[in-house]
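Colleague: Each chain, written out:
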Amino acid sequence: MNYSIKDKITPNQFLFFILQTQLGVGILSLAHQIHKDAKGGAWISVIMGGVISQVMIVIFWAFLKKNPASNFLQAMEKLVGKITAKGIVIGYSCFFALVTVLELSEYVRIITKWVFPETPVWINILIVAIAAVYLAKESLGTISRMYVFVSFLIIPLVIFTSLGFKNVHFTYPMPFLENGWLAILKGANMSFFYFLGYEAMLFTYFAVEGSDKDKLKAASMGNFFVTIVYAFTTYVCLISFAPDELPLVPEPVLYVLKSYSLHVIERIDLIFLSIWLVSVITSICSFVYLTSIGVAQLCKAKNHKKFVYWIAAVCCVCTTFTLTPHRGEILDEFIKIISYPFVFGIPILLFIISLFRGRKR
Amino acid sequence: MNSLTIKRALSVCFCILSLFILPGCWDQDLLKTADLVYITAFDQTPEGRLKVTIGIHDIPAGQGDKPICQTYTAEGASTRSLRNALDRQTSGKFRTYKTRVFLFGNKEAEKDMYPLLDSIYRDPKAALDARMAVVEGDAGELVNLKELKGTLIGRFFEELLLGGEKTTVIPRTTVQSVCSAMLDAGHDFGLPYITSKDGAISISGIAMFHNHSYTNTYLSVEEATLFLILKNKLEDKGSLFREVSVEDKKVSLMFDIRDENRKFDVDVTKNGEVKVDLQVKIKIAITELQAELGSDYATMRKLEKALSEDLTQMSKQVISKMQKSGFDGLGIGRQLIAHHFSYWKKVEKDWDDLYKTVQIEPRIEVETIHRGIID
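In order, the protein sequence lines correspond to chains A and B. When the letters of the first sequence are read in order and numbered with the numbering used here, they come out as residues 103 to 463. When the letters of the second sequence are read in order and numbered with the numbering used here, they come out as residues 212 to 586.
It is possible that part of the hints are untrue.
[As the list claims (entries may be wrong)] Taking lysine to aspartate or glutamate pairs in the EDC-like style, the calculated list, with each CA pair at most 20 Å apart, reads:
1. B:LYS560 / A:GLU311
2. B:LYS557 / A:GLU280
3. B:LYS218 / A:GLU220
4. A:LYS110 / A:GLU311
5. B:LYS336 / B:ASP240
6. B:LYS556 / A:ASP346
7. B:LYS560 / A:GLU280
8. A:LYS168 / A:GLU280
9. B:LYS336 / A:GLU220
10. A:LYS215 / B:ASP240
11. B:LYS556 / A:GLU311
12. A:LYS215 / B:ASP329
13. B:LYS304 / A:GLU280
14. A:LYS268 / B:ASP329
Hints in this document: simulated from the structure, not taken from any laboratory.
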């Protein structure tokens, strides 16, 4: 018996699933990271990163559309044979698990630094992991409904960020092309990692109702929205910090908010963090869920539920090993490198193969 | 049935367990044990060491509800080490997240300020929106006053500075905005300059900084307001007192600046010189006019014209004063970076000298919109 996602989700739910998977830990450090290469043009890089993701979404879509099946493994088997297909699904499951670890370790690093310096690390991990598991063990429909519900939290996230406009210098990021287009492209290459999450399409596409066109529209809208939010936050950071100051501030969004206080709320950054936490949980939940359905497909299990616990436990344990800054960097680098084959290489290759197969028929 | 009870018991256990996890016991920081530092003063001792004076606001038990201010002083090498020294002196836990004001003695401000502030920038709990000011003489002495006319010293300085900001006497500078200015080559910041004479503490203008340190020159209160007008930083209101001559008569008038409109162009000429064109149109409301002048349109126009010329002249003085001390408060360098980047790359190294020779052409135009309820 093959694993297949039981309850179908609507294209609208699919939109929010992609959006919440993409929107994760990265938003806090995005501006700092991209600014390293692209300087004042970082916001251009972010928009370019969004465009690259959009192109990839179209390629994913074209490939998935051509290979209708009940799940990813089945689609692969038809295309490249049983053994390779299994290899690919194992690969993707591992990849998703690694992303889970990365997100968890980034989250712990930030929360320890900013709010809970004394609290034991494992508590911080558990708080998020328990919430994520609680959601991830449910069906895709339940998860998506939850995502639609918590998506309204993005509004205060954006409103708080716009508070940064209280004291800005529009000339700080100028000239945008300080280091030329090559630097912008380098930044775009970097920002592309912050958009990861749309590869969830590969596993969940089969569970979406509606025409192929609707599905593409939904995924694109999710990605478009994330691009806007990212570009906006990046721009606010760029105009709030002097060009030589931004390299010193790893979480510029929080730092901007910390420097203002409203009449009632003194530390806006803490409110921001608690809302951001929801985005982190949804992201982690998505990746745990994706990993577990990957494994469920391999094991031909009926339900992904029991895998969720084990995967989450393994991820949490792995996270505790990545918490020194040096190891964190290694993991970060490693995932950056392997995401090229998983997000670019394999899908494009499969797409080309499916093109040829299609012609033969 | 049986499994249901087990399930229920488990979930109750889970809830109780969560109670231990969720309240965040490790990082609790009770307000009642915290000594809240409201004001910190940095000075240089005659031997060249750093001296820190802090003012802690406290409500002592059993003496009514009147808060009092306690001050502590320590000397040492760096702010962090001093912090530990101060922590040993205070009874509770020494907490800086409520700090409202940082004062700097002018001697200390002349040195590099960044190392003093570094620990504040690093601390996730530090108050980044605290105000800063330079004090003529010893800043610690002012903190040691503890109380001024019934107001605790920390609150007094906070209100003094916030009031000065509202009336466009001093710029709105926080610890965070100073950091940006220090780390940017293109513009400098100014801090409120505070003097005390016979126990009366007042804002006396803007202390001009260059890069990380005080240039030991300051703009007077009138100059400061005009500088802020030139910078397009008019707050709620700003008032000036001027004496001009109209039709060979001396006219002294006091006016509020209600609105301003600025055109700020930084250009590089063909022979590689920087030319700054600065045109400001202000709308004023006359609050006091001591002269026997006609109130007809023509006379008023003449008054406006005379005032425009007078303010333009004064702006030139302010700007030359700024240039002499190397204080790029208008951010001309920033404009060059943003709009003439290749030129900036060429002159970056000599910018400090070049700034002093930049041609800045200010022009102020005055329009009266209001003259009070009498003519």
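Colleague: Does the structure break any of the earlier hints, and which numbers would those be?
Modeller: Violated hints: 1, 3, 8, 11, 13 and 14; rest satisfied.
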